[in-house]
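Chemist: Under this note's numbering, the first residue of the sequence shown carries the number 8, and numbering increases by one thereafter.
No lab work stands behind these hints: they were computed from the structure.
Computed from a predicted model, the values in this text were never measured in an experiment.
Backbone N, C-alpha and C fix where the C-beta goes; we use that ideal spot for every residue, glycine too.
Mixed in with the good hints there might be a few duds.
[As the list claims (entries may be wrong)] Have a look at the derived ranges for each label pair, beta carbon to beta carbon:
id, residue 1, residue 2, range
1, Asp489, Ala460, 31 to 39 Å
2, Ala133, Pro192, 39 to 47 Å
3, Ile113, Val500, 54 to 62 Å
4, His358, Arg474, 20 to 28 Å
5, Pro192, Val496, 39 to 47 Å
6, Leu413, Val184, 34 to 42 Å
7, Val447, Ile403, 16 to 24 Å
8, His353, Ile218, 41 to 49 Å
9, Lys129, Val103, 17 to 25 Å
10, His269, Glu112, 24 to 32 Å
11, Ala127, Ile251, 28 to 36 Å
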Amino acid sequence: MDRPRIARAAVVIMLGNLVTSALGFVRQFVTARYFGAGSASDAWFAAYTVPQMFYDLVIGGAISAALIPSFTRLFDSNRPDFWRTVGSIFVLAALVLLFLVGVLEIAAHPLMLAIASGFAVKDRGATLNLSVRLVRVILPTLFFWGLSAVSLACLYSIGRRIAASFATACFHLGIIVAAVILASPLGIIALPIGAVAGAASQFLVQVPSLIRARRDFPAVVRPVINLRDPAVLKILLLYGPVAIGIMVSIAGQIADINLKSHLSIHGGLSDMQYATTLIQFPVGIIVAALGLAVLPLISSDAAAGRMEDLKDKLGLGFRLVLLLMIPSAIGFLVLGQPIVALLFQHGRFTHISTVHTTSAILGYAPQLPFIGIDQLLIFAFYARHNTVTPMLAGVIGVVVYVGLALLLIGPLAIFGLAIANTVQIAFHACMLAILLLREVGLMAGRRLLVTGAKVIAGSLIMGLVVRFAATWIGEIGTGRVDRLAVVIVPLVVGVAVYALLMNLLRVEEVGLVRTALARRLMGPKLQPE
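Work out the full structure, taking the sequences as your base and the hints as a guide.
Modeler: Written out as structure tokens, the structure reads:
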């Protein structure tokens, strides 16, 4: 049974993601402090989505869909072919990304006009022109992100997780340092400069682990493109449907940014981005860790035809998602406003921005458990080399979002857009669950229901306790110390109450996480880096 292995791998990745997400918070804190929520920050967040969208299209989506499953199978069966394929993918990714960066630099103005058309009618187009300048500076991050992604897929496939898990922290550090040092002389331009420096370091910190891995698993390889290599062709074929799905997703993102750029609320796009950062904190720590821990193992099971083992590992992943994400959602619903005030309401970030950001959090929070389930379901299809089904489901999900967003943006503004996104993710997860069950059959459904019922009951009780504690402390004062206490004390109490309830209810997965964490932090090294 690979349950301890999954838990240990997830804990390693989770620790790396915890550091990365914490620095992501610091990054947004610094951004909010120096630039607040206004035209300049709106232009920055819109520009930032450009390299992110094209990264997802060219290489990001391939990590879980094609690279890790294919690399894992090759590493298990043929080490020389594995390294030969990795070299080919590195060169191919570098050439494609360099070409794409050049094209996007030339097309920056019409691209930003298409992405954020609302900027063209605000302050005589000044916000649009600023976003064009920012996107031209930040575009080289796309090249470094791509090389980092191939490195990450290679390292995860061979069990070398530490460097890959902590690498993204370097990206956030680059923006933080640049904002603190360069915000005064350069203004908002400091952020894309820091992004480029951070993305370059994100790749470079993984290079030593790649070199050590090549020394431990030697093979004579030349880094050349070989499109006739069956493994490379397989990766490209697997990624084809994913690329189509990501194109649809990009269309959805463009529609989303356009809707946000037309919000009558000043700095509304920035407010929603700050809320997204908070919601992504547990997603980055928990969901990404579980997905990257489970995917190589279920890929091996799928390749060997061990469907029962695959379903067992997937079922465990679902239960861990419920255990960790449902209380996270409740926590945001109860403590959203004090968390936003504590983290962001400084410098140029005003109280009205706190109100708008909190409104977005209330709409986003219920999606947390669905995000976790959805990602594991997508990985299950990818492990079985089925990239078509998630792509088709993604197309339908985008249609659902755009339709709901158009209906809700008028009466509900920011909250309406957040609710539309939550409905989209929940619908997508339910659709994939039904389709996967039709393919592989039931996956210990009774155990999932029992764990889910215990987690929901414990989370609701925890939420009531946290609400009471926050209300009681909030009546004491409104100073900085009180603002810190109204978040920290209820959180600590809530975690303690929830942990106690899960132990009293004998939730099995709590023991797995506790044992894996103890072994990683205090025990001997049980697996290669």
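Chemist: Check each numbered hint against the structure and report the violated ones by number, ascending.
Modeler: When the structure is compared with the hints, numbers 2, 9 turn out to be violated.
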